[in-house]
Amino acid sequence: MSEAPIISIQNLKKYFKVYRKKPGLLGSIQSLWSREYEEVKAVDDVSFEIYPGEIVGFIGQNGAGKTTTLKVLSGLLYPTSGEVSVLGFNPWDRKPDFQRQFALVMGQKNQLWWDLPAMESFLLNKAIYEVPDAEFDKTLDKLVELLDVKDIINVQVRKLSLGQRMKCELIAALLHSPKVLFLDEPTIGLDVVMQKVLRDFIKAYNQEFKATIILTSHYMGDVKELCKRAIVIDHGQKIFDGDLQDIIDQFARNKILSLIMNDKINQKQLEKYGQLKEFEYPKATLLVPRAKAAKIAGQLLTDFSVADVNIEEPTIDAIIRELFLSQKKVH
Amino acid sequence: MWKSLKKYWFIFWKFRAIRFMMLLEYRGNFWFWAFVSLMWTVFNFFFFDLIIGARNELAGWNKTEMYVLISTFTMLDAFTWSFFYHNMRDYIASIFNGQLTITLTRPINSQFLLSVQNNSYTNVVRFFVGLGILIVTLRNGQIPLTLAGVIGFALFFFISLLFVYTLWFIVATCSFWVDRLDNINELVPSTRRVWQVPKEVFTGFASTFFSVLLPLSLIASLPSEILLGRASFQWLAYYAVFTAVLFWLAHLFFTFSIRKYSGVAN
Numbered sequence: 001m002s003e004a005p006i007i008s009i010q011n012l013k014k015y016f017k018v019y020r021k022k023p024g025l026l027g028s029i030q031s032l033w034s035r036e037y038e039e040v041k042a043v044d045d046v047s048f049e050i051y052p053g054e055i056v057g058f059i060g061q062n063g064a065g066k067t068t069t070l071k072v073l074s075g076l077l078y079p080t081s082g083e084v085s086v087l088g089f090n091p092w093d094r095k096p097d098f099q100r101q102f103a104l105v106m107g108q109k110n111q112l113w114w115d116l117p118a119m120e121s122f123l124l125n126k127a128i129y130e131v132p133d134a135e136f137d138k139t140l141d142k143l144v145e146l147l148d149v150k151d152i153i154n155v156q157v158r159k160l161s162l163g164q165r166m167k168c169e170l171i172a173a174l175l176h177s178p179k180v181l182f183l184d185e186p187t188i189g190l191d192v193v194m195q196k197v198l199r200d201f202i203k204a205y206n207q208e209f210k211a212t213i214i215l216t217s218h219y220m221g222d223v224k225e226l227c228k229r230a231i232v233i234d235h236g237q238k239i240f241d242g243d244l245q246d247i248i249d250q251f252a253r254n255k256i257l258s259l260i261m262n263d264k265i266n267q268k269q270l271e272k273y274g275q276l277k278e279f280e281y282p283k284a285t286l287l288v289p290r291a292k293a294a295k296i297a298g299q300l301l302t303d304f305s306v307a308d309v310n311i312e313e314p315t316i317d318a319i320i321r322e323l324f325l326s327q328k329k330v331h
Numbered sequence: 001m002w003k004s005l006k007k008y009w010f011i012f013w014k015f016r017a018i019r020f021m022m023l024l025e026y027r028g029n030f031w032f033w034a035f036v037s038l039m040w041t042v043f044n045f046f047f048f049d050l051i052i053g054a055r056n057e058l059a060g061w062n063k064t065e066m067y068v069l070i071s072t073f074t075m076l077d078a079f080t081w082s083f084f085y086h087n088m089r090d091y092i093a094s095i096f097n098g099q100l101t102i103t104l105t106r107p108i109n110s111q112f113l114l115s116v117q118n119n120s121y122t123n124v125v126r127f128f129v130g131l132g133i134l135i136v137t138l139r140n141g142q143i144p145l146t147l148a149g150v151i152g153f154a155l156f157f158f159i160s161l162l163f164v165y166t167l168w169f170i171v172a173t174c175s176f177w178v179d180r181l182d183n184i185n186e187l188v189p190s191t192r193r194v195w196q197v198p199k200e201v202f203t204g205f206a207s208t209f210f211s212v213l214l215p216l217s218l219i220a221s222l223p224s225e226i227l228l229g230r231a232s233f234q235w236l237a238y239y240a241v242f243t244a245v246l247f248w249l250a251h252l253f254f255t256f257s258i259r260k261y262s263g264v265a266n
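Order-wise, the sequence lines are chains A and B.
For the first sequence, our numbering assigns the number 1 to the initial residue and increments by one for each residue that follows.
For the second sequence, our numbering assigns the number 1 to the initial residue and increments by one for each residue that follows.
Just chain A, same shape as in the assembly (with noise of 0.2 Å):
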């Protein structure tokens, strides 16, 4: 990319000191005077760039940093080492004109008022972000249009269902358009239908405002209908960081072969051709060998009678999975 990174870490390291209790009542006694603290290596010498407008899944297991990270980008946290760079600030300056340019999003935080409607605390946004009068009309309506909420934004909050909530608190953090936006886990706990919404919503705000996200969730749907790139980082070490699609390519061994079969057959007969997952006649799924899956294809349809075939990439979930059941066996 010829363009300059509008995020760059550069060997970022954060440690924690973690205390360890000793089990039972004579440890927790003992530590009245005494502790031991472990390091916990949180984020370890982890490097990247993000360029502008780019959406990049960070995906990692609980525990695995990724909430670290962003609150190291966000300049809630300051690194043990390392370089960090957002839009051109050291995000632990906390300077107004840096904080003024991004937002953060967590699912399991939020900053609207519970008693009162959304509206008061966007209207508290606009006086702390310094939002002129027109700036802040056209962008509340564009976001009130685009997330459909016309009609609760002046409710109480307290009243709301989670996932009105949740596009009230999208809002509140981004009526004063942040170029970057680090968004941690803003689907957690919405039900499918929500969770489409919002991602409609991260896709449209995207292309609409220009804006850089860092998204991190659980759910991968979110990270395959949002991001073409992908970091993927396990024990606070960076493991993968490309094209989502190079995940596939690189993590995934096998395919999957579904088959509905026209004859009755043994599950035997077919245990010889790969991995049989499902066998509930007529319908029939096998993990082959992904370089082999034509070539089984072929076999199975020359050696029995069926009526249909289908490869299909294993679900991106299974990936991850098994790339992270590789990098435990490593660890």
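A few of these clues could be false.
[What the hints assert, rightly or not] Using 20 Å as the maximum straight-line C-alpha spacing, the simulated PhoX-like pairs for lysine-lysine come out as follows:
| # | chain 1 | residue 1 | chain 2 | residue 2 |
| --- | --- | --- | --- | --- |
| 1 | A | K17 | B | K260 |
| 2 | B | K7 | A | K95 |
| 3 | A | K13 | B | K7 |
| 4 | B | K260 | A | K95 |
| 5 | A | K238 | A | K272 |
[Claimed, not checked] Examples of chain B residues lying across from chain A (beta carbon under 8 Å, computed):
| # | residue |
| --- | --- |
| 6 | R16 |
| 7 | I18 |
| 8 | I102 |
| 9 | L236 |
| 10 | Y261 |
| 11 | S262 |
Derived by calculation from the structure, the hints in this document are not laboratory data.
Yeah, the Cβ is synthetic: ideal placement off N, Cα and C, and Gly gets one too.
Given the coordinates of chain A, work out where chain B should sit on it, guided by the hints.
Just chain B now, kept in the frame of chain A:
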């Protein structure tokens, strides 16, 4: 600079409006707490009336002067409960529950935001009761009021509020350095007994401690002394400088302490 001040002024009052709107949502709660707070004031005056009635003076302060002191304390205390208690409680809670994350990412002075986000209106009645008793006492006691005296009183009333706020903020900021402190917010209000008596009550080391090292006994005494025309310039200057330095140290301590913030894992 002017634009920035205007923004902070506007946000300060925006929070007051938000809190007032929330109050109107739960008006039963407001009336109950207003009643409780009024009862505190009545009992406080009743208690001191009993003591002064028996001895007719306390550490060289006669009944009228004591009423000026207790009225001043009542107003300061009403302000303390209205503002500092709620904000510092929320500040401490936000460190432990990770809600501070939202405050720290906003383009505004975090200390300001943490200090003004909340307030209660239940002590407003108490403030005006204190003010009313002060005015009546000054009139009945035929204490001459000068413009300089009133301005001096207002100035040192503000300095006392700043001192209490600063002390409370430093104590609350200690929360960054421990895993959990349930009752740290009760530490400063637990010293209120020291504020509401004349500084002359304390002798020996207690006097040095509460007037010089940690001048809690000056909080209500000095503004009252200004109204009564018995304030000493040295004490006023010392208290003002002490408060200014403490305020500066509180800010440094806060800036240093937020490096310890880890924000609670998701």
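### Query
Of the numbered hints stated previously, which ones are contradicted by the structure, given in increasing order?
3, 5, 6 and 9
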